[in-house]
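Colleague: Turn these sequences into a full structure, and let the hints guide you.
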Amino acid sequence: MSDLLKLKAQRDRFLAFAMAAADILVEVDRDSRTLSTFGATQTLLQGESAGEPFVDLFVEQDRPLVARLLAKAWESGRIEPVVVRLRQANGSAIRVNIGACHFPDGQTLFITLTLLSALLARLVPQIDPVTSLLSLEEFRDLASVVVGQAADEAASPKAMQLIDLPGLANALEGLPATKSAQVLAEVGAVLRANALSGNLAGQLGPDQFAVVTSGTTRADDVQQRLDVSVSDALKMAGTKKNVTSRVVNIQIDAGDLTPESAFKAISYALQSFATGNEADLKRFQSGLSAALEATVGRYSHTRDLITQRQFELHFQPVEDLQTRTVHHFEALVRFDNGQSAYETVRFSEEIGLVQELDLATIDQAIRVLEGRSDISLAVNISGASIENDGFRHALMSRLASERALSERLLFEITESSQITDLDTAATFLGGVRRRGFNLCLDDFGAGAAGYNYLRALEVDYVKIDGNFLQAAVRNERQRALIHSIKVLCDDLGASIIGEMIETEEILQLAKSMGLRYGQGYLLGKPLKVIPPRAMAPPARRQGYKETWG
Numbered sequence: 018m019s020d021l022l023k024l025k026a027q028r029d030r031f032l033a034f035a036m037a038a039a040d041i042l043v044e045v046d047r048d049s050r051t052l053s054t055f056g057a058t059q060t061l062l063q064g065e066s067a068g069e070p071f072v073d074l075f076v077e078q079d080r081p082l083v084a085r086l087l088a089k090a091w092e093s094g095r096i097e098p099v100v101v102r103l104r105q106a107n108g109s110a111i112r113v114n115i116g117a118c119h120f121p122d123g124q125t126l127f128i129t130l131t132l133l134s135a136l137l138a139r140l141v142p143q144i145d146p147v148t149s150l151l152s153l154e155e156f157r158d159l160a161s162v163v164v165g166q167a168a169d170e171a172a173s174p175k176a177m178q179l180i181d182l183p184g185l186a187n188a189l190e191g192l193p194a195t196k197s198a199q200v201l202a203e204v205g206a207v208l209r210a211n212a213l214s215g216n217l218a219g220q221l222g223p224d225q226f227a228v229v230t231s232g233t234t235r236a237d238d239v240q241q242r243l244d245v246s247v248s249d250a251l252k253m254a255g256t257k258k259n260v261t262s263r264v265v266n267i268q269i270d271a272g273d274l275t276p277e278s279a280f281k282a283i284s285y286a287l288q289s290f291a292t293g294n295e296a297d298l299k300r301f302q303s304g305l306s307a308a309l310e311a312t313v314g315r316y317s318h319t320r321d322l323i324t325q326r327q328f329e330l331h332f333q334p335v336e337d338l339q340t341r342t343v344h345h346f347e348a349l350v351r352f353d354n355g356q357s358a359y360e361t362v363r364f365s366e367e368i369g370l371v372q373e374l375d376l377a378t379i380d381q382a383i384r385v386l387e388g389r390s391d392i393s394l395a396v397n398i399s400g401a402s403i404e405n406d407g408f409r410h411a412l413m414s415r416l417a418s419e420r421a422l423s424e425r426l427l428f429e430i431t432e433s434s435q436i437t438d439l440d441t442a443a444t445f446l447g448g449v450r451r452r453g454f455n456l457c458l459d460d461f462g463a464g465a466a467g468y469n470y471l472r473a474l475e476v477d478y479v480k481i482d483g484n485f486l487q488a489a490v491r492n493e494r495q496r497a498l499i500h501s502i503k504v505l506c507d508d509l510g511a512s513i514i515g516e517m518i519e520t521e522e523i524l525q526l527a528k529s530m531g532l533r534y535g536q537g538y539l540l541g542k543p544l545k546v547i548p549p550r551a552m553a554p555p556a557r558r559q560g561y562k563e564t565w566g
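So the mapping is simple: my numbering equals the position in the sequence shown, first residue as 1, plus 17.
By construction, these hints were calculated from the structure, which means they are not laboratory data.
Here a beta-carbon is modelled for each residue, glycine too, at the ideal position from N, C-alpha and C.
Each hint should be verified, as a subset may be incorrect.
In silico EDC-like pairs for lysine to aspartate or glutamate, Cα to Cα no more than 20 Å straight-line [what the hints assert, rightly or not]:
(1) K545 / D391
(2) K542 / E522
(3) K258 / E190
(4) K542 / D380
(5) K542 / E329
(6) K545 / D438
(7) K545 / E404
(8) K257 / D237
(9) K196 / D249
(10) K257 / E190
(11) K528 / D482
(12) K196 / D244
(13) K196 / D145
(14) K89 / D145
(15) K257 / D224
(16) K545 / D224
(17) K89 / D73
(18) K542 / E429
(19) K528 / E475
(20) K252 / E190
Pairwise CB distance ranges (calculated) [what the hints assert, rightly or not]:
(21) S418 / E329: 48 to 54 Å
(22) P193 / Q325: 56 to 62 Å
(23) R389 / T261: 43 to 49 Å
(24) T441 / R112: 26 to 32 Å
(25) E521 / D237: 54 to 60 Å
(26) R95 / Q325: 54 to 60 Å
(27) A88 / D440: 32 to 38 Å
(28) R263 / M413: 41 to 47 Å
(29) N469 / T324: 30 to 36 Å
(30) D440 / P543: 34 to 40 Å
(31) N484 / G222: 21 to 27 Å
(32) P543 / G191: 43 to 49 Å
Modeller: Dropping the structure here:
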């Protein structure tokens with residue numbers, strides 16, 4: 018066989034091998050222009066593409082990623098398959114796996130495009146259409162799977178980088194939507210080009226991102242590429258603002274992590290990063306399994322505190338500011354070992370124990386009310402509990418058997434963990450109100466979610482955040498905002514509770530602004546035991562009827 022025939026046979030074998038696993042084979046030159054295409058080009062590609070930029074075959078948001086994948090293939094010789102979106106003539110997109118390789122000293126890059134089946138397309142996690150990144154929840158779930166598999170893949174070390182781009186969202190404000198999208202697409206492209214399987218990268222918040230990489234990928238290389246790309250993208254977008262990243266690198270070591278433990282470790286690492294908990298992050302930097310050992314220990318200890326009821330309730334009065342009589346008491350959790358209630362509640366929210374803590378607190382409050390027919394109590398429930406199906410069923414079961422307490426048990430919805438599914442929350446809380454139990458929106462003004470909650474949820478009381486009220490003593494703007502909240506609550510039929518009333522000056526301000534109720538050290542500190550004193554029962558909602566409609 019002549020050399021020419023041998024060369025042709027070799028080429029035919031390569032084409033057959035490539036096309037057996039792909040729908041399209043594309044040859045690309047050093048300038049990333051298409052040289053030739055083979056396979057289902059008429060079906061999947063838009064006409065003749067020879068001589069055109071290869072990246073133009075894809076949706077605009079994925080072009081920065083495809084460009085980086087090609088550069089990576091030229092540099093390393095090949096890339097693992099990555100899911101990208103191929104542009105269609107009708108404006109739609111289809112998902113394909115892109116793979117690439119080139120031969121040593123070759124001037125051609127061989128690229129395969131494989132159409133995902135309908136089943137596989139449904140199994141691929143949803144990504145943000147602009148950044149091409151996973152959501153926090155999708156990233157957490159997939160990263161947990163990778164961590165759980167680490168023990169079986171000890172020869173393939175991996176790492177997770179948590180990336181903060183402080184000021185990114187601020188830098189994008191005021192930019193045209195197309196320019197802002199281009200910057201975010203660059204961020205997504207850098208992260209996915211360095212991500213395990215090209216997909217394990219997500220956005221955790223406006224300025225926060227995460228990526229799981231192979232052990233051979235250096236965290237400082239990712240950081241440098243990201244800083245350069247974001248700087249260039251911001252300049253091209255027409256803004257002089259610049260952003261420099263901060264990266265926390267966490268080695269994913271196998272240890273003895275079970276899938277459940279891996280999920281907890283990833284969840285807590287992401288939460289620690291999102292809340293700026295530097296102490297916990299430093300522990301994670303020593304390795305995931307080492308940090309998890311401490312986390313699991315704390316988890317077990319906290320769960321023991323809850324299940325063994327190693328806590329008690331203290332009671333802080335909430336006064337009617339017009340009559341200066343106690344309207345009800347807020348039940349506050351205090352742990353037997355002196356452990357911080359705030360830190361324990363936040364940890365419980367982060368690690369998935371707050372539902373048990375809230376139910377245990379409610380049970381204890383019910384026992385107190387059964388022994389004291391002359392008092393009313395408010396109990397906090399976390400937004401994380403409200404979003405938990407098991408908690409919703411358990412609370413409804415308790416309320417069905419405690420009908421007699423409906424006029425003396427009030428639930429305060431806290432904002433420490435945000436409610437994301439407001440429709441489901443509104444349905445559930447509406448059912449609580451229909452059973453005669455009052456609701457209070459806690460810490461209004463402390464976070465951005467307050468107005469969204471007030472718009473979506475029907476409540477009987479709104480508790481204004483104490484810092485908000487204290488600032489109003491000296492700040493006319495704050496007073497104007499509180500006045501607007503008062504007008505809004507009046508229209509909605511909700512009474513206002515002023516929090517952290519600790520001086521006579523704040524008390525007089527609250528009264529002058531028409532706040533009906535107040536709570537704070539000036540009015541009464543938390544008590545271990547409620548003294549026997551007359552107390553007005555909670556006011557019924559307008560139109561309330563003694564029914565369980």
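Colleague: If a hint holds in the structure, say so; if it doesn't, say that too.
Modeller: Hints, verified against the model:
1. K545 / D391: 17 Å, holds
2. K542 / E522: 18 Å, holds
3. K258 / E190: Holds: K258 and E190 sit about 11 Å apart, inside 20 Å.
4. K542 / D380: Not OK: K542 and D380 at ~23 Å, beyond 20 Å, violated.
5. K542 / E329: 16 Å, holds
6. K545 / D438: Answer violated: K545 to D438 is near 36 Å, above 20 Å.
7. K545 / E404: Given pair K545, E404 is violated - Cα atoms ~31 Å apart, limit 20 Å.
8. K257 / D237: 25 Å, violated
9. K196 / D249: Given pair K196, D249 holds - Cα atoms ~12 Å apart, limit 20 Å.
10. K257 / E190: OK: K257 and E190 at ~12 Å, within 20 Å.
11. K528 / D482: 16 Å, holds
12. K196 / D244: Given that 20 Å is the threshold and the Cα spacing comes to 18 Å, the pair holds.
13. K196 / D145: Between K196 and D145 the Cα gap is close to 16 Å, so the pair holds against 20 Å.
14. K89 / D145: 23 Å, violated
15. K257 / D224: 18 Å, holds
16. K545 / D224: Between K545 and D224 the Cα gap is close to 43 Å, so the pair fails against 20 Å, i.e. violated.
17. K89 / D73: 18 Å, holds
18. K542 / E429: 19 Å, holds
19. K528 / E475: 25 Å, violated
20. K252 / E190: Satisfied, since the Cα-Cα distance of roughly 14 Å is no more than 20 Å.
21. S418 / E329: 48 to 54 Å: The hinted range 48 to 54 Å is violated for S418 and E329, with Cβ atoms some 24 Å apart.
22. P193 / Q325: 56 to 62 Å: Holds, since P193 and Q325 (Cβ atoms, about 58 Å apart) stay within the stated range.
23. R389 / T261: 43 to 49 Å: 58 Å, violated
24. T441 / R112: 26 to 32 Å: Cβ of T441 to Cβ of R112: about 30 Å, so the range 26 to 32 Å holds.
25. E521 / D237: 54 to 60 Å: 57 Å, holds
26. R95 / Q325: 54 to 60 Å: Once the Cβ atoms are compared, 56 Å apart, the range 54 to 60 Å for Q325 and R95 holds.
27. A88 / D440: 32 to 38 Å: Distance hint for A88, D440 is violated at roughly 44 Å.
28. R263 / M413: 41 to 47 Å: Hint holds: Cβ distance 44 Å, inside 41 to 47 Å.
29. N469 / T324: 30 to 36 Å: 34 Å, holds
30. D440 / P543: 34 to 40 Å: Since D440 and P543 have Cβ atoms about 35 Å apart, the given range 34 to 40 Å holds.
31. N484 / G222: 21 to 27 Å: For G222 against N484, whose Cβ atoms are near 22 Å apart, the range 21 to 27 Å holds.
32. P543 / G191: 43 to 49 Å: 46 Å, holds
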